[in-house]
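Mind docking these for me? Both chains are given alone in their own frames, and the hints should help you get the complex.
Residues per chain, in single letters:
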Amino acid sequence: MTTSAAVGRTGPRARVAAFLHRHARVRLSLLLSAPLAWLGLAYLGALAALFVTAFWSTDTFTGDLIRTFTWANFQDLVTGDVYRTIALRSLGVAVAVTLIDLIVAFPMAFAMAKLASPRAQRWLVILVLTPLWASYLVKAYAWRVMLSADGVLGWGYGLGATIATLSYLWLPYMILPIYAGLERLPSSLLDAAGDLGARGWRTFRTVVWPLSFPAVVAGSIFTFSLSLGDYITVKIVGGKSQLIGNVVYDNIGAANNLPFAAAVATVPVVIMLVYLAAVRRTGALENL
Amino acid sequence: MRPTSPRPVFLTRGLAVTAALALAALTACGGSSTGAAGGTATAPGQSGFNPPAMEAAKSLGSGEGQVNLIAWAGYAEDGSNDPKVDWVHPFEKATGCKVNTKVAGTSDEMVNLMKTGEYDAVSASGDASLRLIASGTAAPVNTDLIPNYKDVFDGLKLKPWNSVKGVAYGVPHGRGANLLMWRTDAVTPAPDSWGVVFDPASPHKGKVTAYDSPIYIADAALYLMSAKPELGIKNPYALDDKQFQAAVDLLKQQRQIIGEYWSDYTKEIQAFKGGDTVVGTTWQVIANLAKAEKAPVEVTLPKEGATGWSDTWMIAAKAKNPNCAYKWLDWIISPTANAQVAEWFGEAPANAKACAKTSDASFCDTFHATDEEYFSKVHFWTTPIAQCLDGRTDVTCKDYSEWTRAWTEIKG
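For the record, the sequence lines run as chains A and B. According to our numbering, the stretch in the first sequence is residues 1 to 288, in order. According to our numbering, the stretch in the second sequence is residues 1 to 412, in order.
Isolated chain B (complex conformation) (with noise of 0.2 Å):
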């Protein structure tokens, strides 16, 4: 148990990191590579549309004295939760700049909260980034004004959700899978396809659960990647009407079989623990608070692959205190704030160097974070739009707010 955090992590996955992903993931760690090499996805999606034209900052003033933050809960702790968890006053110490956070639950309430032209500085999931980009709320960001960004994984950077065209547009913050939970006195054997949550005759009937988003149909379709080929499914959110169908069908018999969709992970915890559920899918976080509190309970990366999130740091194209804005950037990928965020928050960090400052020295082994194969698995969330993210011109794929109707049609 770790002294630092309420939240005890125990470790008790093995981990299957080869000599050669080892070696992989020192040479991230030790390489200060700068620039797009390897890293760089040109995912054709980029093409899509064409964000409003913005310089990024070409040099940075002195801090205005204050930043104005949006959040996702756990994302800048300043103690009040945990007094030993604490990366926001050291850094007013170090900077000068006051730090004002406002926790948003929704990446919605965040596309609306970075509207109101208020706010600085938002930690954008990758369902939200791409929209404030589209509609010029956040600006392009000057990675070299950024010194700790060189230590970032490659994996995470000038990735379809955080950057266009080749052009960052924030810093990643950390990533994380969606995977596959089970209770082990339950579920026999242990199961390693999503299959097990999608099985209209599943024994399990009425005691499995989903994420209830309209994002999850993106579960269903990487399910179907592999399932039914023939669909000709790329990317699990580059759906046309015959995929996404296929999807949507897939759901709604899923939902026979499902006790409950959760949202909040109390909930899920709550659930695996008395034995209301006990498949689907789930957070590493989630898996060990559950396991803390004693759930017979396991998690794997199914061999389908996953879905996952990943989240980016953005600066408003309005910010009224940019300098404060991009100093907070700095800090929140800096190894000793990122350990703290990660392993608080109980996801990957995106710095290499992190990993060395996890109070937990295995830490980022639990959550795969120099792990690129495993990453090289998980599908993150990016936000379907109508130009399909997989390339193809040739059709229409569909658009969030569509996701959102059928998922209110999935749930009945």
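With the rest of the complex left out, here is chain A (with noise of 0.2 Å):
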């Protein structure tokens, strides 16, 4: 040990170092701050704003927010029945573009993770990911085009078109999960499960899905939350339907009206809250 690293070690710098090598726990908290910060400030902050928001009214005229306190919008939210019908659908939509995902998601995830040779692999990731460098308005627009009555599919607007759309739209973010849990999953097992008998479809049920359950809750999650939000899809192809979406876009964008957009918002969070309370339950957050 020489005089000068002797030196160079008493220097701040390498105390600071010292001390944050010996104290782990303030290294770690340091080390998240910063993370945390945009998580709590952020997201949860905005939350709040937004629940808050959703206590108070507006200057109907003026456009002024009234900050003080009332359940008006939570009550106009549950007495309507428009709004019932309108949360209910946003739920079947976001149900059924999950289960289509899905439905094309799995046997595609699979055969990219299984079947594909290496080099295809990394090709088919690439063809996968490349419908999410295309804007969302040129995607939906092109779909417009092709529903339209003389176009390629022709079958018109209105709430199936919706779910197409959103379906093709999502898809990429049910096939990536998928497609890791696959990854992750030895070949060996597959394997095993033949030499014990189980043909194609009993693998599938007891061996492939159970462990990659996890995988998909992690993809439906994308899709259903990215389903429930959505308003832009609605507006190109949905005829004369709507969803929560434009409710919130509607209340904040025609009316001015940002306490009852904030009520309307709370809808999705809610019903959010409940898929993943309800996933938990599952046990497929554990394994994520």
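Watch out, some of these pointers could steer you wrong.
To be verified - Partial selection, computed: residues in chain A whose CB lies under 8 Å from chain B:
no.	residue
1	Gly11
2	Asp64
3	Val82
4	Ala87
5	Ser148
6	Gly151
7	Arg184
8	Pro186
9	Ser187
10	Leu190
11	Asp191
12	Tyr231
13	Lys240
14	Val247
15	Asn251
16	Asn257
Unchecked claim - Taking CB as the label site, the calculated pair distances span:
no.	chain 1	residue 1	chain 2	residue 2	range
17	A	Arg84	B	Asp86	25 to 33 Å
18	B	Lys84	A	Ala42	18 to 26 Å
19	A	Ala42	B	Gly61	54 to 62 Å
20	B	Asn100	A	Pro35	48 to 56 Å
21	A	Ala142	B	Lys84	24 to 32 Å
22	A	Pro35	B	Ala186	29 to 37 Å
23	B	Asn100	A	Leu115	41 to 49 Å
24	A	Met146	B	Ser80	30 to 38 Å
25	A	Val104	B	Gly136	38 to 46 Å
26	A	Ala34	B	Pro52	38 to 46 Å
27	A	Ala42	B	Gly136	28 to 36 Å
28	A	Val104	B	Lys93	42 to 50 Å
29	A	Met146	B	Pro147	33 to 41 Å
For the record, the hints were derived by calculation from the structure and aren't laboratory data. A virtual CB, placed ideally from N, CA and C, is assigned to each residue, including glycine.
Right under this line is the structure:
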């Protein structure tokens, strides 16, 4: 040990480093403070602000916020039949999109993870990701053209068109987690199941599905929440139908009624919390 | 086709301008009515509220070097969309005021942006202007400081949506009507009434369109003015409980035959072109573009009249660059710039002299710029407020937030 090294060790930087080395908890808290501050302020803070706003009202003419407590927004929300209908419709669309994506994505992800060669695997991942590079609006309008009466599909617009378009838009978000989950599934387990006499369906039911279920849940959280909050696709291909997102948008964008929009926006938050709680009971979250 | 714009405008529509009207238009063009002659609308609704007391500027100083605008898309073009469409750079060159434009998508976005205090002027539609006035966000405008104001059509001056109690709060930018458009191969005979979009037994079920905004309730109210005179609707933006319910019921019934509601105009052009929609409400510019794309469509101003828009350039009460803002207001209604913006956006110009400056000589005829009788049938968008705009004091009218709730309910 030289003298200069000893001097270097007593410098302020080195002292801080030594302190952090000895105190693991301080090190950890410093490391996490930035992301935690972001999570706390930007994310939870915004949610809290939303929730608080929901109890205010607006001066309907000047559009200024009136910051006094009122239950009126939630009263309107609960008593209005139309909001219940819209909430249920949005829920139905989100469930349908999730199921369709699951049915399309699972075989796709399985083929990518277990059947394709490593080289093809890379290309397939890139292909799945490519649509994400194109603008959301361009894709939605492309579906509008296809669904038009004189278009390739010609189904016309409506709720069905909305479900089809959303299923297309969110498909990569379902494929990728399932692909990642299936990749971690050792191929030897499939061989073992085969050796023990299980055929395709039984192997799927007793080995592949239980082990990939957490990944399916992860994907479904994406597709479910993205569908629940969407309002643009339904505006473009939804014909005359509307979802929760449209009610929120109309109240902010057209009526300038932020408090009521905030009250409406708590509906998808509540639905997501219920969904996450249900998922948690299955134990899938622990295995993510 | 006009060479200056990528939006070709085809003139196929016959014009029914009588000699008398042409004469009236000439008078309007030649007249230099600075005062509030003829055009003053003393709508009783104007006494419905008292805006915060504010003084308009008495004189103008030199420019501050910049001006911050909130504008509808296409209202402040600087050549970035089309190099030939540029009235911002000439303004900057002439006045030394650099223009910073924020394009807003909806009236409410404009109201909210104006409230930030970061902007000097805004192109507000009638469903935003009163709110800006009432909240003290927009200041009165001294039109004597705006030389081009004298050439603005009287039919646009001191209206309920751009003035309060005879005090101007901005300068008119332009105007247009919400028209009835139909596909000539599907809808025969040619309709002349809004009844065609409200008929529950319509043969075009599933192919009817309507504008996706609460303000469309006024279209139903307008139709009820003649279809059900016993309701006593005088102004489609001033609806009491019973009248409002009738309009909402009509729209709920209309929903059965609606194919889709439109809000952006590329969507409507495509729907008419593809035949997904065969009849419904539209703007002149949409009709022009649809025809340019060879869609067999026609438009008309139905016999009941129509709703429409008339935008106003307003100055923020807390404008940091008021001198440049005044210069902009004068510039945007100058004959040349007003002609350019009207042609680009597809609406009737506000300045009578702009008609001589359009690149398409018959532009003002197509858009009925000088046709006051045409516009007398147009009820321009105005924010519905609790104080009835038609002057009734014995009832309360439905305000815009109730219109919005009802719109959600109509769409179901």
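Results for each hint:
| no. | hint | in the structure |
| --- | --- | --- |
| 1 | Gly11 | violated, 48 Å |
| 2 | Asp64 | holds, 6 Å |
| 3 | Val82 | holds, 5 Å |
| 4 | Ala87 | violated, 12 Å |
| 5 | Ser148 | holds, 4 Å |
| 6 | Gly151 | holds, 7 Å |
| 7 | Arg184 | violated, 44 Å |
| 8 | Pro186 | violated, 50 Å |
| 9 | Ser187 | violated, 49 Å |
| 10 | Leu190 | violated, 48 Å |
| 11 | Asp191 | violated, 53 Å |
| 12 | Tyr231 | violated, 12 Å |
| 13 | Lys240 | holds, 5 Å |
| 14 | Val247 | holds, 6 Å |
| 15 | Asn251 | holds, 6 Å |
| 16 | Asn257 | holds, 5 Å |
| 17 | Arg84/A - Asp86/B: 25 to 33 Å | violated, 52 Å |
| 18 | Lys84/B - Ala42/A: 18 to 26 Å | violated, 44 Å |
| 19 | Ala42/A - Gly61/B: 54 to 62 Å | violated, 43 Å |
| 20 | Asn100/B - Pro35/A: 48 to 56 Å | violated, 35 Å |
| 21 | Ala142/A - Lys84/B: 24 to 32 Å | holds, 30 Å |
| 22 | Pro35/A - Ala186/B: 29 to 37 Å | violated, 59 Å |
| 23 | Asn100/B - Leu115/A: 41 to 49 Å | violated, 56 Å |
| 24 | Met146/A - Ser80/B: 30 to 38 Å | holds, 31 Å |
| 25 | Val104/A - Gly136/B: 38 to 46 Å | violated, 55 Å |
| 26 | Ala34/A - Pro52/B: 38 to 46 Å | holds, 45 Å |
| 27 | Ala42/A - Gly136/B: 28 to 36 Å | holds, 32 Å |
| 28 | Val104/A - Lys93/B: 42 to 50 Å | violated, 57 Å |
| 29 | Met146/A - Pro147/B: 33 to 41 Å | violated, 53 Å |
Of the hints listed earlier, those the structure fails to meet are numbers 1, 4, 7, 8, 9, 10, 11, 12, 17, 18, 19, 20, 22, 23, 25, 28 and 29, in rising order.
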